[in-house]
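Line by line, the protein sequences are chains A and B.
The numbering of the first sequence is the numbering used here, which starts it at 4 and goes up by one.
The numbering of the second sequence is the numbering used here, which starts it at 4 and goes up by one.
Take these hints with a grain of salt, some might be off.
Said to hold, decoys possible - Computed footprint of chain B on chain A; a stretch qualifies when at least three of its residues, placed anywhere within it, have a C-beta under 8 Å from a C-beta of chain B:
1) 156-170
2) 226-240
3) 259-265
If you are wondering where the hints come from, they were derived from the structure by calculation, not from laboratory data.
These numbers were taken from a predicted model, which means no experiment stands behind them.
Every residue, glycine too, gets a C-beta built ideally from N, C-alpha and C.
Number of protein chains: 2
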Amino acid sequence: MIAGIETGGTKFFCAVAESADPTTFIDRVRIPTTAPQETLGAVREFLEKHFSEVAPEAIGVASFGPIDTNPASPTYGYITATPKPGWSHTDLRALVPLLGFDSPIAFISDVSGSLLGERTSGAAVGMNDIAYATVGTGIGVGVLVGGSLVTGHGTPELGHILVRRHPKDTFEGICPFHGDCLEGLACGPAIKARWGHSAQGEEVEIIGYYVAQLLLTIILAVAPARIVIGGGVMKTPGLMDSAKRQLSELIAGYLGGDHPATRSADTYITAPQLGDFSGLTGSLVLANSLLR
Amino acid sequence: MIAGIETGGTKFFCAVAESADPTTFIDRVRIPTTAPQETLGAVREFLEKHFSEVAPEAIGVASFGPIDTNPASPTYGYITATPKPGWSHTDLRALVPLLGFDSPIAFISDVSGSLLGERTSGAAVGMNDIAYATVGTGIGVGVLVGGSLVTGHGTPELGHILVRRHPKDTFEGICPFHGDCLEGLACGPAIKARWGHSAQGEEVEIIGYYVAQLLLTIILAVAPARIVIGGGVMKTPGLMDSAKRQLSELIAGYLGGDHPATRSADTYITAPQLGDFSGLTGSLVLANSLLR
């Protein structure tokens, strides 16, 4: 049996599964994200319940971040300088010896986890060149190229691209680093700060313009065979359609009329299929990959 | 012996090399790009001189484009809809049977060729996560992730990203598709059309702002361990420094103080080392890879 953990800013999910099928949970639990000691204590309790006699064969962790995913780093498995209060410099790796295990453990970012989950049993099964984007509390993108996650020096941080401003948008943006980068203008809290509610009517066009620029940049940078895009903001009625239409206008025929972004955008750019469990599934897939 | 061909809008290079060391030319020739029949005739002549008795073990082609690099496509090896007059729908693959050979042949984009060349014996030797950018007559980027060239659906087309306008720049741009995309504002012909000469003085800051946005997008999208950036425009005095400084301002500390883009930009972002022969070397590396 293997274990998977998805850590998020508001909740953790933990699961155990059989390594023969990491996409099917034997048991899972949802734990609210409070203070590290409390939250990690609940994780420990859940794991101890299932692994009282035998250690997990492997543990995979898909984490909010920034998470140090470089196995050669002394802070591998640490959440580093996160804006989430109390969680900076939290050592997630320490969980294993605390449990009395010496199981192998691996760490990836939350979006990379969701990407692996959707690739294994969701919206992009078996595909080797895909991007997974989330537009929610933050904006993040995981990228798989030729079957490898992009991790050359760190991971993709496409939430912070500089976007061209919509002419009707004068909001100054909320990114503490960049003000009006993509995340500063289009994440959930930016929408809330600007209008006090989810985007509606003409506001959807404005956010759609920014999402379209994210999609455009992904296509131009990594030429994926499919883009899966989720997150709370993407549930806004009309937003996906608006983004696809404006993407097509931005491409302006450049990539050829038969590029799937124009010809078959419905399957090329698609919502996740695993609901809340893309990342958790991915953490189990990651754990399973340690066994091979 | 193997053969390599780099096709460009103004010149072709052809070379023969020993497969034991594809980075050292036995012979090479420079052919001006005129009409397809004439230019390809000269290529044929060069190859016939060296391969009158025995066929090349393999041929690699790094080509201006768009070039169809999908082996499953019926137009594999064709230059497709290029703005270069007379060259649209030119079948480069037909060269092999014309020569009476049945040698294996492979095609990649010019920037991917330069990337492979610089990776084999230039500015990024042995590195698996790199980007090669050229800012010249056009703007193009090749990307290697985990040792694989990005070719999920087509190749990267980062020359056409939407950039934020420099506040002092009112030029409308020259891209026939997008007007003021990156290439429309910052390629050599755009600079010439705007000012009648290479960028100088304050103009360097304007072009530097656009190059900085290209570097930023590359870093945020594919997190390379090194970026090699060349092309005629990058020879403008002061441009590389201006771009690196403005890149650092755009990152604004987000990636952490120890990110090489800020801490060691001199080695992280670097000029090519193979001069005119990055692409030609890459075409031979490609040919050599067919033998394995």
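Original post:
Which of the listed hints are not met by the structure?
Top reply: none
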